[in-house]
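Chain residues, written in single-letter form:
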Amino acid sequence: MVLRLNRRTFMAGTAAAATGAAGFPMPSIAQNAPMKVGVLTPKTGVLAAGGIHNEEGITTFLKERDYKVGGRKIELIIADTAGNPAGAKTKAVELVERDKVDMIMGPFAAFEHLAIVDYLAQNKIPTFGYAGAEDVTQRKANPFIVRTTSSAAQSYYPMADYAFKELKVKRAITMMDDFAFGYEQVGGFQRPFEELGGHVVKKLWAPLNTPDYTPYISQIEDCDVVAAGLTGSNPLKFVKQYKDLGLSMPLAGGLTFADDIITRSFGDEADGVYNAIPYSIDYDAPANKSFLASIRKYYGDNVPIGFYSAAYYVNGQILEAALQKTGGKSDDPEQFIKAVRSVELTDTPRGAISFDDQGNIVCNIFVRRVGKKNGKMENTIVKVYPKVSQFWTYDPKWFLAQPVYSRDYPPLKS
Amino acid sequence: MNQTLVLAVNSITLGGLLFLLSAGFSLIFGLMRIPNLTHGSLFMLGAYLGSTFVLTYGLDFWVAAVLSAVLVAVFGGLIERFLLRRLAGNSLAQVLVTLGLAFMIADVCLMVWTGDPITVPTPPGFAFAIRGPGFIVPAYRLAIILIAVVIAAALWLLLERTRLGAMIRAGVDDPDMARVVGIRVSRLFTVVFCLGAALAGFAGVMGAPILSVYPGLDFDMLPLALVVVILGGTGSLLGSLIGSFVIGFLYNYGQARLPELAYFVLFLPMVVMLLVRPQGLFGRHVP
Amino acid sequence: MSRARLVAILAALAILIAAPYWLPGTYYVNIATQILIYAIFALGMDLLLGYGGLVSLGHAGLFGVASYAIAVVLAAGWGHAAAIMLALIVTVATTAVFALMSLRATGIGFLMITLALGQILWGLAYRWISVTNGDNGLNISSRPAPFGIDLNGASAFYYAVLVVFGLVFAAMALFVASPFGASLRGTRDQPRRMDALGYHVWMIRFCACLFSGLLTAIAGILFVYYNQFISPQALALTASAEVVLMVIAGGAGTLLGPVVGAALVVIMKNVVSAYIARWNFMLGAIFVAIVILMPEGLVPGTVRFARWARKTLAGPVPRVATDPEPGR
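Residue numbers (my numbering), protein chains in the order written: chain B, 1 to 414; chain S, 1 to 287; chain E, 1 to 328.
Hint data in this document are derived by calculation from the structure and do not stem from the laboratory. Here a beta-carbon is modelled for each residue, glycine too, at the ideal position from N, C-alpha and C. Be a bit skeptical, because a hint or two may be false.
Cβ-to-Cβ under 7 Å is the rule here; a few derived chain E residues that face chain B [stated by the list, open to error]:
| # | residue |
| --- | --- |
| 1 | THR26 |
| 2 | TYR27 |
| 3 | GLY137 |
| 4 | THR302 |
Let the sequences and hints guide you as you build the complete structure.
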């Protein structure tokens, strides 16, 4: 969906389309021309919830500044990928060739991103990547990408550390969706956990659309923690079924398992669930408080707020900082992305952020515990891990020489 | 926890839920020969409506379930009367209509309830678990089996012991002859479709405390209904019942023991059944 | 062929050939390319559904087999020509296996078996990670360069696809007019009578399946070269359902119907979705509307409407019989 956010941008958009018809690619050369920011996000289909919150986050940021960032007017163009790779490709082409965007935020899912990563690199489109696929900023990194969220494993490293050191658990079973994001999360848990002296006893993989987790839960035994990193709406079903079957070992999730938005839907069964994620509503920083006030002002007091919205808000802040560095210029993609990668902020709803040499964000990871507050299930931060990178404490060269996390790597220790 | 025992018990409870899900589909498919591809959407719609009744209006769970069933039945009746009836005999067109409606319903649900998933709490009174030697089963799941059996019995009574049921069976076996003897077959079909839709909506609410409600629920559940009906047999209530439990067992043991085949542990038996005995275990007619 | 029809065909050809020039930008050329690719897919489906009377809900699986075959062997270092040959062979072989299983039933049974087989292929695409790379999918780095022509540009690739489409369309037209095409239609309308007349109904249907598989393979190959990426999503049930909808909405059993249907869906998904947030709803509503107002499909329905309009506009004056229309 291309969302024209006010009449002026609509007129500018049609003018751009008309000039586009001449067949010449024309980036916004003049500083006075608006900077076009394309957003690839699912607005329909099963991933739509995330897309809606992404849009809320970036729109809040832009509305606060009346769409003027770093001295430039921003034109936001949102394209609905419908959550599938072909859609992502078509919309990416639409944004690049028809709308002539200067940069892209997104897309949402790893399989969407992998379908367009080469295309975006060939066309030199600076991209604020969202999806967690590890290799995008590791073994297949390209200079035009930064990932502003977290790699799949990045959020799990602190969770493993916390589980071993604070929860004092030693034997773990992992329970993940059977796809690449799940494999990478397990890698993020298994490596540090076993280095500290823990032991991953069993790995359970469930198809993405599993209605009933009982066959998997029934295999959970002889362990004292379950690293469960399910995605989408699966955590709701899983936690309920897990507790219904009488299991009480703590659950340790990643950034998708108990995000603040999904926690709103949890019932009492989610009490005591741990999760590690780069954003938490209860993070006590002025930047966060003002973000929360702002988004509630524009979308109502009851708007669900979580990492999907906060990450895109911070995207806006990164964009602002980059534009301030380039003096408002965005016509040179190499220069622009260099500026983006050199951004270091302390005053964001996520706390301090910066980027590593591969373009992946280095940020706080909040370990939280779900509990009942004011009659609702909410997350409370129990520990903050600052400056977590995609490489955790490992040497990047060594890390990159290892294979990417997969279903069988790291292998189970017998 | 004794895994085998847990799986055995869960096979039965899952079978109960599957029966609720597929009874409506089996009815419509068996009686009207329409593979109602809107079935998953009606299930999801019922679940969403039920969740709103329980969470926003504070209605009792069971009242909400019945209310949702009624609303979905009315909606189903409208679909049948104004869309499907015009296409009687043109099964291609019927497939298209039900598929088009599925897209529409999914998008409307997304608009109304947004994309965030919704949980419905287990109805009070059933939020406990029953422990046995080496296994544990949530009470609500046992309740589902009971409800499935009650509904199966009620449907059987309806079909075998009432005049309406006799008319329906006549309409199935030979619609033209039934018309000749004065049975209003078209009106009957509307009734049957409403009933099937009501069952779908009811099942959606029943399933909500276990499955939660989220976009995509419709197409996650539709293949399961298809597999149950194919395996159990078209046009046979007993077939749907038995088929549900068979699928329950296949699902539980298949997922647990053959995780490599998890994505097709249900479709392989379906293919085998279609090749070996296309009318299913208890089917009355070949689809 | 009547003069009117000849003129229409030449006009259509002219429009298609000149497309990169009158379309406002490479983005729209790409849309046109996609329409042609899906039109080939839909024509393959129409063969089975429209002319053969067999509805398959598993064709996206065959489509995916072709795409994955290309991606896998290219990654293994094969050349394009060999890859294309292999993809065609593998897909038709898979179709043969499918057909052997599915043709044991007809009607809804056929639909169910093909649905299940399609789902199995989809599951394989997800789980056979060593070959398919699972949900991360496979990338292709280059496009073929037949006779040394570079196909990386949008217009160049469009023309290549147009040529293939033209050949496919011509083949379909020949097929439909051929005795085999007639016998296929016979098996659709009166299988028992055909059998009684001595036609081998099963073999006719089996050959139709193979031909359908071939066209699907061609579409799958073009698709993976166009996107330069393939992932399991392309084999999902919704993808199979979409191509069935394209055919039925456009007009099953006609040549133009699948093309129109493909254009409808592609434009709705890609172009309209940019302007209307609820395009999914609209797509469903359009299908329902087509079914109610023009159950035989857009193309035959439009022809019928045009005839009705012509008759109405001509007024109630009785007319002397003019050109009798060749039997419709």
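So, going through the hints one by one against the coordinates:
The beta carbon of E/THR26 is positioned within 7 Å of a beta carbon in chain B (closest approach about 5 Å), and the interface hint is therefore held. A cut of 7 Å between beta carbons decides the hint on E/TYR27: the least distance to chain B is about 4 Å, and the hint holds. Residue-level restraint check for E/GLY137 holds (minimum Cβ-Cβ distance to chain B is 6 Å; threshold 7 Å). The interface hint given for E/THR302 is broken, as the beta carbon of that residue sits about 27 Å from the closest beta carbon of chain B, more than 7 Å.
Figure legend: structure checked against the earlier numbered hints; the only hint not met is number 4.
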